[in-house]
Amino acid sequence: MTMFVSRNWREYPQRYRLEASKFKKSGKTYLPPRAIDPKTGDKEFETVKLPDTGKIVTYTIIRTAPSQWGDEAPYAVAITEMTDGTRLMGQVTDCDIEQVKIGMEVRVEFRRIQSEGHQGVISYGYKFVPKWY
Amino acid sequence: MAGIVGYGAHLPRHRIKVEEIAKVWGADAPSYKRGLMLREKSVPPPDMDTITLSVEAAKNALKRAGNIDPADIGAIYIGSESHPYAVKPSGTTVAEAIGATPDIHCADYEFACKAGSEAMFVCINHVTAGAMLYALAIAADTSQGAPSDALEFSAAAGAAAFIMGKDNLIAECLYTHSYMTDMPDFWRREHQFYPQHGGRFTGEEAYFAHTKGATNALLKKAGMTAKDFTYAVFHQPNGKFPQKVAFDLGFTQEQIDPGWLAPILGNTYSGASPIGLTATLDVAQPGDLIMMCSYGSGAGSDAFVWKVTERINEVRDKAVRTRKLLDENLIYVDYGTYAKFRRKIRKND
Amino acid sequence: MRDVCVVGVGMSQWGEVWRKSLRQLFVDAALEAIDKSGVDHLDSLYVGCMSSGLFVGQEHIGALMADYLGMPGLPAVRVESACASSGMAFRQAFIEVAAGVSDIVMASGVEKMTDCSGADATFALATAADQEYEVFHGATFPGLYAMMAHAHMDKYGTTREMLSAVSVKNHKNGAKNPVAQYPFEITPEQVAKSVMIADPLRILDCSPITDGAAAVIVTSEEMAKKLGKPYIKVLGSGSATDYMQLAQREDMTTIKAATLAAERALKMAGKTIKDMQFAEVHDCFTIAEIVVLESIGLYKPGQAGPATLAGETALEGKFPVNSSGGLKSKGHPVGATGVAQVVEVYKQLTGQAENGRQIPGSPKIGMAQNMGGSGASSVVHIMEVA
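Chains as they are written, first to last, in the numbering used here: chain A, 41 to 173; chain B, 2 to 350; chain C, 359 to 744.
Hints were generated in silico from the structure; no laboratory data involved.
For glycine and all other residues, C-beta sits at the position ideal for the given N, C-alpha and C.
Worth double-checking, as some hints may not be accurate.
[Unchecked claim] If you want the footprint, here are the derived chain B segments under chain A, 3+ residues with CB under 8 Å:
1. 42 to 50
2. 325 to 337
[What the hints assert, rightly or not] Far from chain B, some chain A residues (derived; all Cβ distances over 10 Å):
3. S61
4. G110
5. K167
Isolated chain A (complex conformation) (with noise of 0.2 Å):
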């Protein structure tokens, strides 16, 4: 599908710099930004970025893939908490599937996230890793 390139390029802030809004009257972060807080319908805010660590808050392994992720599968994809408190879902890449639980401590990672096939574009993005260092 070639309308995939525009919707992909448009979200490169949010995939690429995690960039979210945070709303002055609540102090609430949402990515992808938001123009009215629903918290509180407050439509001033300030672009922030994401911290780039937090701790799972639950999570799954996904073993029947899609097939763009056909050599990765199995693979966990969990919600991670931000160390903001934003929460966020991704997947978790480089460690044992069999190691992911929910309270463990992770950061971001710039990762391929999917392609369309070997003639389409390459879709970049967040993934968490484990945290150990």
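Given the coordinates of chain A, work out where chains B and C should sit on it, guided by the hints.
Just chains B and C now, kept in the frame of chain A:
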């Protein structure tokens, strides 16, 4: 005087031992280990490539550079022989990821294993010329070795990034020299998946001649000898070549040790001497002189003299040390996993 | 607001129905409902369907179905809310009759999922989740519910046995349902040994890919009386949404949309959850049934698993859940499930549940809870004997 303002490296966690590869092809592991002076190499998983390694190395370089604004980086050059796209520069994605776009010059460099040092050479010159405040040079590769070929034991992955500037240097670049001739020792034609090489012809007239050519010319230019240096880093396609060329040039094991990574990392191609330089900077002291000489088949060598400043002590631990990435938290894989990771298995795609 | 009733229901065959197309499945269910209700015309038609465009390349199905029902000219529209599409279609029909705009409205649902590859079906289903922040990262449907399951197990100690108990119970009920895709019993051992799809959910924790359609005739009470066929009253309807991304939900171990939808339906009905006697809930995955029963307030958080294991939600239990066999055994043609739940509630309340599936003690009031995606939308209806 231009030099390094920030440096950083990034390596995969995964490794494969020579024994694992030898087992599959019926090769004699001990003799490969002896002959190459290499025990294991790094393996990039499917979600890692030259671009992702470059981004992480660049982030580490930014950490050590202190408070510089990525928007002040005037150029980004990534040298590799495994750029993810044949047409679409790796540098654009990396610049976007570190927030250095849009007012920045970008080009991808290639020259077999010296593409990374080329980027460093050009960046130093841009800054010396006063064309820009900072220039980012990245050396990164996820090179492929043909199955059952000797190079399969060593082709590895890794990246090193250097932000070049004029002020707040970690290491000044005192001299550079580049030496190049038309040399058909190792090549890959367009659309071929694996490279080819001239076997033993890649030694004396290729690697050794050019490394010595560049290093000797540089020493002459600088009015120095091997003894003046604290450390030396050479291109390292295996453990043996850099050791031999070092000894031939009058350098000692102590001088090459911190940057001599091939025995446990393999050949990171464009990353080889640059990553060696980062590991050396990690232990260097103010006033130390470091000789670095790359080699790229085709062929050529870029040589540099670096002088470490006081600032090294403030910044060395602002990012993870290369030694930590080399030695800790390693995940060993078998040949099947390695072949799957490196997309060597034919699938219905 | 007038009183609203359901007066006739129909179901197509459910399963891998190779011989019937999207429109044929719909017509089968619709004609049965029309026949059973005795109506001689419709005032309007709502068709619930999640993804006919992605599954079979067909959109504009409000018009298509009116056409093939032999009623071109009929006001008709498709309603979409992922797997809650026909529950929402039923709500629209309820509102139209309650408001006095129409007297006889058909609420239906249909999905044809087997005319494409498994990979394409998975892709279509994934459109119910956040494409850019969940699916982009490799999360699959089972994966999202699996993450909910791990969170629930971690917080409340819900076990593998409790999840299996949901599946075993629903199969026991579905074995008696002539329409069910998988009309056979299974054992807890079979569930626990079945292939892992996304830890901790195994294939026997997951509802299947199904073709099927369901239809009900919704009328005013006055019209229902006139038609003279068994009818039930729809006392309340409630609908709600929640954050799309599982990561942004306030509590991942509960489905707030289901809580709100149930509260709103109960409020309209003038009832409380304690007044309910049985329910059809959306067991797209075993964990979903457990979480929903807690979310609607039937059980305290963490208690639905033990209650299921203890047999409280069995056909003969204190509060029978999914007497139809649920999505697990009956099947889950995603757009059709919501209305099919209403079909089951109607059958139970009018004493027409087949093959010994009738809930003992003739319940008088039941609930149907339908939801979309990982719980970003939910719709609940409360129904009572006339």
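Structure-based check of all given hints:
1. Given a C-beta distance limit of less than 8 Å, the hint that chain A covers the stretch 42 to 50 of chain B holds, as 5 residues qualify and 3 suffice.
2. Three residues within the 8 Å Cβ limit are the bar, and the stretch 325 to 337 of chain B against chain A gives 4, so the coverage statement holds.
3. Listed as outside the interface, S61/A is consistent with that label: its C-beta sits roughly 17 Å from the nearest C-beta of chain B, beyond the 10 Å cut-off.
4. With a minimum CB-CB distance of about 8 Å to chain B, G110/A fails to clear the 10 Å threshold, and the non-interface call is violated.
5. Distance check on K167/A: its Cβ comes as close as 6 Å (rounded) to a Cβ of chain B, failing to clear the 10 Å threshold; non-interface status is violated.
Hints 4 and 5, counting from the list given before, are not met by this structure.
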